[in-house]
Amino acid sequence: MAGRPRGTGEDRKRDFLLTAGVILGSLIVLNLPPGSKRSARLFLRETVLSPLLGINGAITRMRERALDFDVLRAQMDSVTGLVAAARTLAEENRRLREALALKERERHRVRAVTVIRTGTPGAESVFLLDAGSEDGVRAFNAVATEAGLLGQVQEVFSGRAVAFDWSHRDFRASAMTPDGRAHGLVEAVRGGFREQDRLILRGTAYLSDLSPGEELVTSGRGGTFPRGIRIGWITGPAETSAGWSRSYHVDPAVYPGAATHALVYLSRVAEPATVEPDSAASGGQTDPR
Amino acid sequence: MNLRVFLLCTGLVVTHLLLHVALGLGKAAPDLAIVALLLASRALGSAGGAATGFVLGLLEDAFSVGSFGANVFAMSVTGAVAARTRELFVGDSIPFLAVFLVLGKWGRDLLVWVVSDPAGRVPFNDAALMEGPLLALYAAGAGLLARLLFARGPLSR
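Top line first, the protein sequences correspond to chains L and S. With the first letter of the first sequence counted as 1, position 153 gets the number 153 in this note's numbering; the numbers rise by one all the way through. With the first letter of the second sequence counted as 1, position 136 gets the number 136 in this note's numbering; the numbers rise by one all the way through.
What the hints contain is simulated information worked out from the structure, not anything from laboratory work. Since the structure is predicted, the reported quantities are computational estimates derived from the model, not experimental observations. C-beta atoms are modelled at their ideal positions from N, C-alpha and C, and glycine is treated no differently. A hint or two may mislead.
[Said to hold, decoys possible] Only some residues are given here: those of chain S computed to face chain L with a beta carbon under 7 Å:
1) Leu17
2) Val21
3) Gly24
4) Phe63
5) Gly69
6) Val72
7) Phe73
8) Ser76
9) Asp92
10) Pro118
11) Ala119
12) Tyr138
13) Ala142
14) Phe150
[Stated by the list, open to error] If you want a taste of the chain S side facing chain L, the calculated C-beta under 8 Å gives, among others:
15) His20
16) Ala62
17) Ser64
18) Ala70
Chain L extracted, bound-state conformation:
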């Protein structure tokens, strides 16, 4: 196959300069400061890609509504049973705390959101939420599903927020066993393939021997994640650090790709926790729990 030259020398020179200019521009975009990158991403999402994100959100909500009624009924029955059992427990707990002069436990307002995932390169551990700054969502709020901790909000805009799930390299959560016997820090470790990504619990005391199947919840240390959200279950030991600490592999409670609906833990409140439903799904009514 023979090539064919394009244009005159002048045309080729102009073409070369324009090409070099565009590639230089792309290098400038690559090295923009984080604030400018954030603005550029927001502009693209809110203009060209906004209708497509709207379609994505609508499809996700339709998928949620197509859930089997029997499954939803069974979940509702389980929750009703738990709430009924917890009513007397809460009163007992309140009296005991009063007797011991302990402070009231922290409670959080909760906002129900739809999880929107895109399949573009570079967005593997990132998802969008259909709630933003006017809903009280703030950066670093915890995002959880009914199964456990999903991730953390990173960027908040009007009407939308960007979050990453536990498989992101920057994800960290302080964790403990429900009885408080062992504490540590949970982070993601990359598998050979993204499907093999899992969590690891680091920094537990050397003498705290955890067995496979033990549950891990957030400890609330550092104040980022509320205490008591399920993270996952211990699957086995990972490594030992010179007789000082142990690490364990953790089977996550939530698989990010399966999440379509989640709760964002908003600011702390003094009164009993409430759930604000997903505004896109229910017209923005507030439903106290």
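For this one, chain L is given, so just place chain S on it according to the hints.
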């Protein structure tokens, strides 16, 4: 660029955005944006190819928190290089197009890997040698199918 190529490339980009952004299919859907870029670049010249790549890369990077700009750079370079192939190879035969699309997609993924944040990217062997060729074959297959279905005859006419 003639109308047939323009319509084919526009259709591929719109389909790509629908599959990846609206339906969120991820790697289950072929990368039709790179197919559109490679086909358009051969008709547009290197400056046009680089500019098209720049715009498509920006759209791809709209959800990239860790490595914003990696797709912009990779698509711009791929568009410019793909346009230069017209001076080296003439013709739109199916075997040529298949090799062109596979190498274009693979090369673009390698470029994205090179300029991405080292802390967030997958190991080189998995990205370049395991996943890369498969995704390139998938994109090339989809591109050839679209070419045969919607734009019969030589593209550069």
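### Query
Does the interface hint hold: is Ala142(S) within less than 7 Å of chain L, judged Cβ to Cβ?
Hint violated; Ala142(S) Cβ to chain L Cβ min 15 Å, cut 7 Å.
### Task
Using 7 Å as the Cβ threshold, decide whether Val21(S) counts as touching chain L.
The hint holds - Val21(S) has a Cβ within 7 Å of chain L, the shortest such distance being about 4 Å.
### Message
Under 7 Å is the threshold here; is the Cβ of Tyr138(S) close enough to any Cβ of chain L for the hint to stand?
### Response
Violated - the Cβ of Tyr138(S) stays beyond 7 Å from chain L, reaching only about 13 Å at its closest.
### Query
Does Leu17(S) meet its interface restraint, that is, does its C-beta lie within less than 7 Å of any C-beta in chain L?
holds (6 Å)
### Satisfaction of the Phe150(S) interface hint, Cβ to chain L closer than 7 Å
violated (22 Å)
### Task
Please verify that hint: Ala62(S), Cβ, nearest Cβ of chain L, below 8 Å or not.
holds (4 Å)
### Task
Report holds or violated for the interface hint on Pro118(S), using the least CB-CB distance to chain L and a cut-off of 7 Å.
Since the shortest Cβ distance to chain L is 10 Å, the answer is violated.
### Query
Regarding the hint that Gly24(S) lies at the interface with chain L, is the smallest CB-CB distance below 7 Å?
Because about 5 Å separates Gly24(S) from the closest Cβ in chain L, which is inside the 7 Å limit, the hint holds.
### Task
Under 7 Å, Cβ to Cβ, is where Ser76(S) needs to be relative to chain L, so tell me if that hint holds or is violated.
This interface hint holds because 4 Å falls under the 7 Å limit.
### Task
Using 7 Å as the Cβ threshold, decide whether Ala119(S) counts as touching chain L.
holds (6 Å)
### Query
Do the numbers back the hint for Gly69(S), that is, is its least Cβ distance to chain L under 7 Å?
holds (3 Å)
### Query
Is the interface hint for Asp92(S) satisfied, with its Cβ closer than 7 Å to some Cβ of chain L?
violated (11 Å)
When each numbered hint is compared with the structure, violations occur for hints 9, 10, 12, 13, 14.
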